[in-house]
Amino acid sequence: DLGINLTSEHRGTEAKRRLSLAQTESEGVLQLFNFVHPGLVSFNLQAVLDHNSFEMRTQMGFGPGFSSEQKKIKLVDIANQFAVVLHALPWLSAGSRKEAINALQNSRPDVMPTTLKPGTTVGIHNRFFSQYLNIHAHLAVHSSHTHPFESGYPAGWIWERFTVIDAGNGEIALHHQRTNSFLGVNAHGMYGIHRAASQLPAGWLDQRFEVVTISNGYFGLFNRHSKNYLSVGHNHGTYIFHSPTKDLPLGYTHQQFRAHLVEPLLKPGAIVVLWNSAHQKYMRMHGGDVDVGGFQPHPTAFHPSWHMEQFIVVDGGNGEVALWSWMYQRFLTMEAEPHAHLNGGVRSSAPRSMDDLPDDWTWERFQVVPFEHGLIALYNAHHNRFLRMTSHPGWASIDSSLPVTPEALPAGWTWERWQVVDVSHLHVVGPSMACGEGPTSSTKWHTLAVGSISAFSSQAPRAFQTQREACGGNLRACLNILS
1 DLGINLTSEH RGTEAKRRLS LAQTESEGVL QLFNFVHPGL VSFNLQAVLD
51 HNSFEMRTQM GFGPGFSSEQ KKIKLVDIAN QFAVVLHALP WLSAGSRKEA
101 INALQNSRPD VMPTTLKPGT TVGIHNRFFS QYLNIHAHLA VHSSHTHPFE
151 SGYPAGWIWE RFTVIDAGNG EIALHHQRTN SFLGVNAHGM YGIHRAASQL
201 PAGWLDQRFE VVTISNGYFG LFNRHSKNYL SVGHNHGTYI FHSPTKDLPL
251 GYTHQQFRAH LVEPLLKPGA IVVLWNSAHQ KYMRMHGGDV DVGGFQPHPT
301 AFHPSWHMEQ FIVVDGGNGE VALWSWMYQR FLTMEAEPHA HLNGGVRSSA
351 PRSMDDLPDD WTWERFQVVP FEHGLIALYN AHHNRFLRMT SHPGWASIDS
401 SLPVTPEALP AGWTWERWQV VDVSHLHVVG PSMACGEGPT SSTKWHTLAV
451 GSISAFSSQA PRAFQTQREA CGGNLRACLN ILS
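Counting with the numbering used here, you get residues 1 to 483 for the letters of the sequence shown.
Just so you know, the hints here were simulated from the structure itself, not pulled from any lab data.
The C-beta atom is built at its ideal place from N, Cα and C for all residues, glycine as well.
Fair warning: there could be bad hints in the mix.
[To be verified] BS3-like mimics (lysine-lysine), calculated; alpha carbons at most 27 Å apart, straight line: (1) K246 - K98; (2) K246 - K267; (3) K117 - K246; (4) K117 - K227; (5) K98 - K117; (6) K74 - K98; (7) K71 - K267.
[To be verified] What follows is a set of in silico ranges between Cβ atoms, one per label pair, in the way DEER data are often shown: (8) L49 - K267: 32 to 40 Å; (9) T245 - H37: 36 to 44 Å; (10) G168 - F33: 35 to 43 Å; (11) Q199 - L75: 44 to 52 Å; (12) D77 - W413: 52 to 60 Å; (13) A336 - A137: 29 to 37 Å; (14) G203 - G170: 28 to 36 Å; (15) D50 - H242: 44 to 52 Å; (16) G237 - G168: 27 to 35 Å.
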């Protein structure tokens with residue numbers, strides 16, 4: 001069964017036009033129109049989009065045996081034009097502007113889909129069976145129930161979530177979030193193998209895939225080492241298709257996929273609070289310590305004046321995130337010796353801008369592990385421990401667990417499970433309130449946009465710390481002074 005799926009049929013002139021279009025697209029050139037005037041003095045006039053360049057191409061002919069070389073007249077470079085527009089937008093950050101321009105300058109048909117950008121969370125949807133790839137606890141690779149791609153990624157599906165990892169050399173790896181495993185392929189088929197998202201060994205060749213662009217957003221996943229394509233078969237099974245080259249035969253739709261971009265459970269840039277259902281309390285940063293707030297039975301009943309509980313999610317790379325307190329300008333840190341200090345080995349880092357997370361700060365990076373009912377666990381791969389909220393007398397209220405990998409986390413360990421509450425819509429600072437204290441009687445609020453928080457913190461961290469202390473924690477007064 002080749003999985004042939006006939007979607008259209010063309011004959012004559014239409015077939016010729018389609019073949020011409022396919023040829024130009026495969027070369028990275030899209031022909032917009034082509035005027036041909038035959039005769040003793042002939043000419044050919046084309047308008048083409050060559051990657052980012054809009055061009056006119058002309059060629060003259062004189063008699064039956066002579067024609068001029070084709071002349072290319074560059075009319076406009078789309079990337080350059082967009083760069084002018086992007087530079088004129090004052091609210092666009094330099095990093096976002098650079099990324100957008102780079103994407104335009106490198107927009108080629110053979111570039112992998114943007115949904116497979118390293119760091120993104122995706123569902124891998126098969127074209128023929130309309131099912132998502134998944135991995136279950138026994139590490140066998142299957143496909144999900146049938147679900148149309150256009151209907152969106154199903155809410156609550158945790159066994160179909162993969163993180164895209166940059167594997168180098170133009171390849172990616174797919175890390176399965178729930179089982180803490182990498183998707184692999186060898187001569188025997190497809191499989192999963194346990195390893196943290198940030199710890200892909202250099203010698204693991206089975207786990208590396210070249211994204212082969214097909215058309216209309218579809219792609220194949222080709223392993224160069226074994227020369228196999230990932231394939232979905234009947235009855236929710238998977239198999240491999242061996243190919244000496246990465247050229248996938250026409251009509252082989254078992255090997256064709258689309259990537260559904262899935263909302264991360266901790267989205268970089270979002271302002272969140274973390275609530276533990278076992279203790280019904282929020283985690284918070286209190287100066288150099290990390291502890292808990294008061295009893296709160298309803299996780300969404302969060303008061304805007306509670307600042308110490310708010311963290312900005314920072315992309316840590318390689319499928320990891322960091323938690324940064326915009327109030328204290330510090331990252332959440334898990335130390336090497338969990339019970340050596342009063343804070344239980346979980347504390348705040350030295351003051352640091354949210355945009356300045358060093359590559360070697362492994363204590364501040366966490367892998368997000370999804371669980372049912374929207375809960376997550378935060379795993380530090382460097383220490384092989386989870387962030388947790390405790391209730392032991394004399395122990396720190398926030399510390400790290402015993403060493404355990406995500407796939408081995410016991411079902412009864414509820415201290416390690418958190419509910420994420422996104423409070424980005426608040427963006428507020430209390431007008432007359434000590435840092436992180438409870439509700440104020442005032443009904444007036446100073447609204448501070450997320451972008452303003454980021455810009456403010458990155459531009460004046462030292463001034464912020466000094467003035468916050470001088471103001472006794474009154475953030476509204478501090479903002480007025482610094483502005």
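Taking the hints in turn, this is what the structure says about them:
1. K246 - K98: violated (32 Å)
2. K246 - K267: Roughly 34 Å separates the two Cα atoms, so the pair is violated.
3. K117 - K246: Holds, at about 21 Å.
4. K117 - K227: Since the Cα atoms of K117 and K227 sit roughly 23 Å apart, the hinted pair holds (cutoff 27 Å).
5. K98 - K117: Since the Cα atoms of K98 and K117 sit roughly 16 Å apart, the hinted pair holds (cutoff 27 Å).
6. K74 - K98: Status holds; Cα separation ~24 Å.
7. K71 - K267: Not OK: K71 and K267 at ~49 Å, beyond 27 Å, violated.
8. L49 - K267: 32 to 40 Å: With a Cβ separation near 34 Å, L49 and K267 satisfy 32 to 40 Å, so the hint holds.
9. T245 - H37: 36 to 44 Å: The hinted range 36 to 44 Å holds for T245 and H37, with Cβ atoms some 41 Å apart.
10. G168 - F33: 35 to 43 Å: holds (41 Å)
11. Q199 - L75: 44 to 52 Å: With Cβ atoms ~49 Å apart, the hint holds.
12. D77 - W413: 52 to 60 Å: holds (56 Å)
13. A336 - A137: 29 to 37 Å: This hint holds: roughly 30 Å between Cβ atoms.
14. G203 - G170: 28 to 36 Å: violated (18 Å)
15. D50 - H242: 44 to 52 Å: violated (35 Å)
16. G237 - G168: 27 to 35 Å: With a Cβ separation near 31 Å, G237 and G168 satisfy 27 to 35 Å, so the hint holds.
Against the hints set out earlier in the document, violations occur for numbers 1, 2, 7, 14 and 15.
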